[in-house]
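Student: Here are the chains, one letter per residue:
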Amino acid sequence: MARTEPQITPDLVAEHGLKPDEYQRILKLIGREPTFTELGIFSAMWNEHCSYKSSRLHLRKLPTKAPWVIQGPGENAGVIDIGDGLACVFKMESHNHPSFIEPYQGAGTGVGGILRDVFTMGARPIACLNLLRFGAPDHPKTRHLVSGVVAGIGGYGNSFGVPTVGGSVNFHTRYDGNILVNAMAVGIAKADSIFYAKATGVGRPIVYLGSKTGRDGIHGATMASASFEANAEEKRPTVQVGDPFSEKLLLEACLEIMAKGCVIAIQDMGAAGLTSSAVEMGAKGNLGIELDLDSVPCREEGMSAYEMMLSESQERMLMVLDPAKEAEAEAVFRKWGLDFAIVGKTTDTLRFVVKHQGEIKADLPIMELGDEAPLYDRPHVKTPAKPVIATGDVKPPMNHAAALVQLIGSPDLCSKRWVWEQYDHLILGNTVQQPGGDAAVVRIGDGPVGLAMCTDVTQRYCEADPVQGGRQAVAEAWRNITAVGALPLALTDNLNFGNPEKPEYMGQFVGCLEGIGDAARALDFPIVSGNVSLYNETQGRGILPTPSIGGVGKIDDVSKAASLSFKAAGEEILLIGETQGWLGQSMYLWQICGREEGAPPPVDLTAERRNGDFVRGLIHAGHVTAVHDLSDGGLAVALAEMAMAGKIGATLSVSGDHGFLFGEDQARYVVTATSAKAGEIESAARAAGVPVTRIGKTGGDTLNLAGEAPISIAELVHAHEDWLPVYMSSSK
Amino acid sequence: MNAAVLLFPGLNRETDAMRALQQATGKKPNLVWHADHDLPAGTDLVLVPGGFSYGDYLRCGAIAGRANIMDAVRKHAERGGLVIGICNGFQILCESGLLPGVLMRNRDLRFICKMQNLKVERADTSFTQSYQQGQIIKVCIAHGEGNYVCDDETLKRLEGEGRVAFRYCDDKGVVGGLANPNGSRNDIAGIYSDKLNVLGMMPHPENLIDPLIGGIDGRGLFDSMAQFKSAA
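Just so you know, the sequences run in chain order A and B.
Quick note: the first sequence uses the working numbering, first residue -1, plus one each step.
Quick note: the second sequence uses the working numbering, first residue 479, plus one each step.
Careful: at least some of the hints might be erroneous.
[Said to hold, decoys possible] Pulled from the structure, derived: some chain A residues nowhere near chain B, Cβ distances all over 10 Å:
hint, residue
1, Trp66
2, Gly146
3, Ser191
4, Gly212
5, Glu254
6, Lys323
7, Gly390
8, Leu426
9, Glu576
10, Tyr725
[Said to hold, decoys possible] Calculated pairs, PhoX-like style, for lysine-lysine (alpha carbon to alpha carbon, straight line, at most 20 Å):
hint, chain 1, residue 1, chain 2, residue 2
11, A, Lys675, A, Lys565
12, A, Lys196, A, Lys258
13, A, Lys645, B, Lys650
14, A, Lys695, A, Lys675
15, B, Lys553, B, Lys673
16, B, Lys592, A, Lys645
17, A, Lys414, B, Lys592
18, B, Lys616, A, Lys645
19, B, Lys673, B, Lys707
20, A, Lys196, A, Lys343
What the hints contain is simulated information worked out from the structure, not anything from laboratory work.
Glycine residues also receive a C-beta, built at the ideal position from the N, C-alpha and C atoms.
Whole structure, please, built from the sequences with the hints as guidance.
Tutor: If you want it as structure tokens, here you go:
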């Protein structure tokens, strides 16, 4: 039963998120007024989320190549060679707006989407991570959002059956109306059997796989490409509903038909659903695509072509099949109880043709849908430099011991156990280092090789100085992977920023990207996949610029991985790297002094690499017993974390001011070693030009900062572990 | 010892269980599809692994408990064969009538994954003979619905007949209180059938079989089962 389709009016065009000049571009491209379905297709393809129209120009400047990179950005996920005939496939992606509107489903489908990106390429997922940013703890919505997002991530990942092994959770008032939910998935495939989206061959069947199409998520990608106004909740119907059970079946069925050689090209239906996946497969293969929507499995009756083309129902895939293997592939999907329908074919016309109930609903040039998407060089202004804050200009409001206890129990530095205990982090039996360390370590199969992985960004640094902040985010991920003894190989970025049409926010984006590029080049840590999320603002106020970095590294023998806990009493504690006592933008300045001020610590990439390579060498040689990187909260917080993890105290022999204890100078690590080894480490460091200082010894059940009253480990643990559960269980 | 591992759609710890069985028996277990009607000939042990069968969208284990293969499992148990259900597998055994009681939402209404100490209540069964009675073992839990509930009469029988297999305890062996992670009655982590040949347990011994990955306290269970040989 055909319904009358609406007239194309300027209002309707605007509702589709298309600017008047973008609509003119469409008219020029096709030489006529688009049909309603075609308008929907353009809005899906040309929104910010799918077209990268504001960011493409700048993303091109990032380093994406290395001898071990098999596939860089542009596919469903990045792929790197990890030796032994294996490849690591990984990516991070945001689900910010849906998670704010409906936290459980929004976060869950974020996990589902990123898992699909990874197994679409033929990889079996072995780990998930995430990076979460919430509003101020005292904001009335924060508790509800934390609770829903964490349950949603767990609900999806736990049921799917992949361990969630790491992440990062921070709070800041600038996320009050626009939280960040960035999910990362890591998988393993055979290096010689990676699957791509590029269709080949004319007249080959296009197969629809997975769950049925419903009316959910229509215009999800358009919603994700707009700023929030006060009525964000009204957009709840654009949020998709996740079904991890179907996704688990889809994983098993897809891997099974891939192993049987049935698949020529495959693409998951993510943002903009059937539209985006079909166009991408055709355009990449220089082929046309013809779809017959009468064959699309639908959840409800009477769905229009427009609705089917724009639905973002989850757990669906599109595939170009080897015609000779059709029966074999179908049998696999029937066994798993999943839909399998031939919905179209590849053509040599280079047109994207959509038929429904005997009518042609869309007939568009397929290459131009992607290639001719608008590309903007948005005006951008540089963030003004902030003054460097001298330690002497920061008056300590309390003694250092009290400051440490307060810091270790602050929202950003407290234990996130309440969060990660809701994630199954042990399934598959390969989690060598679980959440709570510098980087997670996951063994591959029966070992001994493993992967180290982490997610990082320090958004207050990015806000104060986007270039240094971008550098620091990459450097910290590199450092975290190094601190467990792994060699950092590649990263995925998830670039969360405000409205790119505002020059100051566009300037943050451009600056952070410059910094990310600098660091990635200097550290041989290329970007292999990523996602851009712009328009993260509510009622005109942007989030802190948050370019999340997901890093992956390789460790040849997981039994040699280092961890941060103190291992024994009487060992030497050594500080590696140079300490000036940088308090600008530090956690101390913010949480203890109530000041969010100053320039962030500069990142010396040469020192970063030299010190990191040195520490990794110490780990490989077995010279060190514990390793921890220094970041938020500086030396004192790092020592407290090491003491709590090992239930062993420490005494500092070197006295220092608050800059020494809490400064956040970069490129630093704390290591422990036996007295015998400490001397060896010092001479090796001198030879390598790496600054190293003996600062104290492990032992006892208190942490003794020189000149301060001892702090019992029990008191630290109490402050560290209690904040989040107490916060989450209080009613207001 | 020939082991069969059941596979229902949505289960996800089957590879973990197969790895532990293979380590203990030296043999790869058979994977048996839920729609089959028969177990492979010569099966001594049936293991129902953890996960989310049918998404747990109905009551946990309710759909799987009524699958074709469960008739064969019931017959296997009646003949004295060993059956073990772990996590979702425990829920499935309860739903299929092989074990009494039911697993409810955790006390705090949240999924919980963490290391957990258990007290081995008796070491004279086919599942626990490699442990000592009263031994404290450290394994892990990962469940949202592990809160064991049954009526008073059943609880009295389970306790009276020595059918509690494991209880939640702290690292010193003190049972209950905060060491009970989910609110289970009498801190029950696992129970036996009346003939002691069926065991259901919420914790995951199959994930604690490797010194690098949390420890090896789970091995005892698999080593015990590996020694079993059916009379038939």
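Student: Now, for every hint given, state plainly whether the structure supports it.
Tutor: Tested hints:
1. Trp66: holds (26 Å)
2. Gly146: holds (12 Å)
3. Ser191: holds (20 Å)
4. Gly212: The assertion about Gly212(A) holds, with a minimum of 16 Å to chain B.
5. Glu254: holds (13 Å)
6. Lys323: Holds, because the least Cβ-Cβ distance between Lys323(A) and chain B comes to about 22 Å, which exceeds 10 Å.
7. Gly390: holds (46 Å)
8. Leu426: violated (6 Å)
9. Glu576: holds (35 Å)
10. Tyr725: For Tyr725(A), whose nearest Cβ neighbour in chain B is about 15 Å away, the distance exceeds 10 Å, so it holds.
11. Lys675(A) to Lys565(A): holds (15 Å)
12. Lys196(A) to Lys258(A): holds (19 Å)
13. Lys645(A) to Lys650(B): Roughly 17 Å separates the two Cα atoms, so the pair holds.
14. Lys695(A) to Lys675(A): Answer holds: Lys695(A) to Lys675(A) is near 13 Å, not above 20 Å.
15. Lys553(B) to Lys673(B): holds (14 Å)
16. Lys592(B) to Lys645(A): holds (19 Å)
17. Lys414(A) to Lys592(B): holds (13 Å)
18. Lys616(B) to Lys645(A): holds (19 Å)
19. Lys673(B) to Lys707(B): Roughly 16 Å separates the two Cα atoms, so the pair holds.
20. Lys196(A) to Lys343(A): holds (14 Å)
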